[in-house]
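Note that the protein sequences, when read in sequence, are chains C and Y.
For what it's worth, the working numbering labels the leading residue of the first sequence as 1, then goes sequentially.
For what it's worth, the working numbering labels the leading residue of the second sequence as 1001, then goes sequentially.
It should be emphasised that the hints constitute simulated quantities derived from the structure, not laboratory data.
The structure displayed is predicted, hence computed values, not measured ones.
Incorrect hints may appear among the rest.
Pulled a few chain Y residues facing chain C out of the computed Cβ check, cut under 8 Å [unchecked claim]:
hint: 1; residue: Met1133
hint: 2; residue: Gln1137
hint: 3; residue: Arg1165
hint: 4; residue: Val1167
We put the CB at the ideal spot given by N, CA and C, even for glycine.
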Amino acid sequence: MNNNFYNIPEDWYQEFNNNFNVTNKQMDPSLADPKEAFLRGNLFNNLYDPYKNYRYGNLKPTNQKEELLYNILMYKFALIELNLYLDTHPNNSSMINLYKKYLMEEKKLCDQYENTYGPLTVDSENLGTNSWNWIKSPWPWEGTK
Amino acid sequence: MWKYVKTLQYPVNIKKKDLKMAKYLITQYGGANGELAAALRYLNQRYSMPDDKGKALLTDIGTEELGHIEIICAMVHQLTKGATIEELEKVGLGGHYSEHGYGLFPTNADGETFDVKYINTTGDPLADLSENMAAEQKARAVYENLINLSDDKDVIDVLLFLRQREVVHFNRFKELYEEYKIKGYE
Chain C
1 MNNNFYNIPE
11 DWYQEFNNNF
21 NVTNKQMDPS
31 LADPKEAFLR
41 GNLFNNLYDP
51 YKNYRYGNLK
61 PTNQKEELLY
71 NILMYKFALI
81 ELNLYLDTHP
91 NNSSMINLYK
101 KYLMEEKKLC
111 DQYENTYGPL
121 TVDSENLGTN
131 SWNWIKSPWP
141 WEGTK
Chain Y
1001 MWKYVKTLQY
1011 PVNIKKKDLK
1021 MAKYLITQYG
1031 GANGELAAAL
1041 RYLNQRYSMP
1051 DDKGKALLTD
1061 IGTEELGHIE
1071 IICAMVHQLT
1081 KGATIEELEK
1091 VGLGGHYSEH
1101 GYGLFPTNAD
1111 GETFDVKYIN
1121 TTGDPLADLS
1131 ENMAAEQKAR
1141 AVYENLINLS
1151 DDKDVIDVLL
1161 FLRQREVVHF
1171 NRFKELYEEY
1181 KIKGYE
């Protein structure tokens, strides 16, 4: 049992204060960029609450497939966060616009991924024609390597 | 209706077999504060939410929790991969093996099976939302205990991600709770 097996500076999370604001509207929450949001599991700077001095994972992709997948997961994550935010703030149009922007990015990357590596959903436009490639391993619980 | 996406919300690539950790971790599948209880609780409570915000939020957080069940199960699956019967017995999973073999089953860390009573629904939006706020806090605390029990970065990184989701969900439920209180829903 070891809480601190990697070396983390005590004030590592302070650097997260230089974020970008999507618009200049005062009402908008300050957001992390999609990559940082995904890695730490939280898009919203005011809600981010690190545990002790643990630094969140870095998720270095080891091949092209993983790189593309992690980029998709990054946008999917931002979409989930904006979705939950908009559920309780349905009239925030700048957040709706950001949702639509990320949705377009995600769709583009999904299409690219599915073209090469097979469908992510069974209603994908990239289903194979010769064989039913939906069944192809690895399944999500078997890892991404 | 639900649609399956063939990926985890956050990737799980555990290289080291760790049956002890698997035994602890399974509680976030089948324990009182686990992801199965959370998913079923929110998806069950949404029918008595009084307005569009509540119906949407309970549906969407409930849906995300389904994805978290899958992450926990993936972790347990990978942590136990290739375990022998002797190894399972050594960490107290002989009972699990006798009932379920190498299959997964929703229990807590002591092997007690999932109980539907964990779902906790009163039909009162304020009571249910404060139940959910407490549930998110309890799940956060359990994730912290699990992080303390692990020394494997492949495990800890996923747990840090899942812990942070409890923080965000807690705040969304809290926003809705405060709004409903002002609106006088009961």
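Do the hints match the structure? See the list:
no.: 1; hint: Met1133; in the structure: violated, 14 Å
no.: 2; hint: Gln1137; in the structure: violated, 11 Å
no.: 3; hint: Arg1165; in the structure: holds, 6 Å
no.: 4; hint: Val1167; in the structure: holds, 5 Å
Hint compliance for this structure: hints 1, 2 are not met, and every other hint is.
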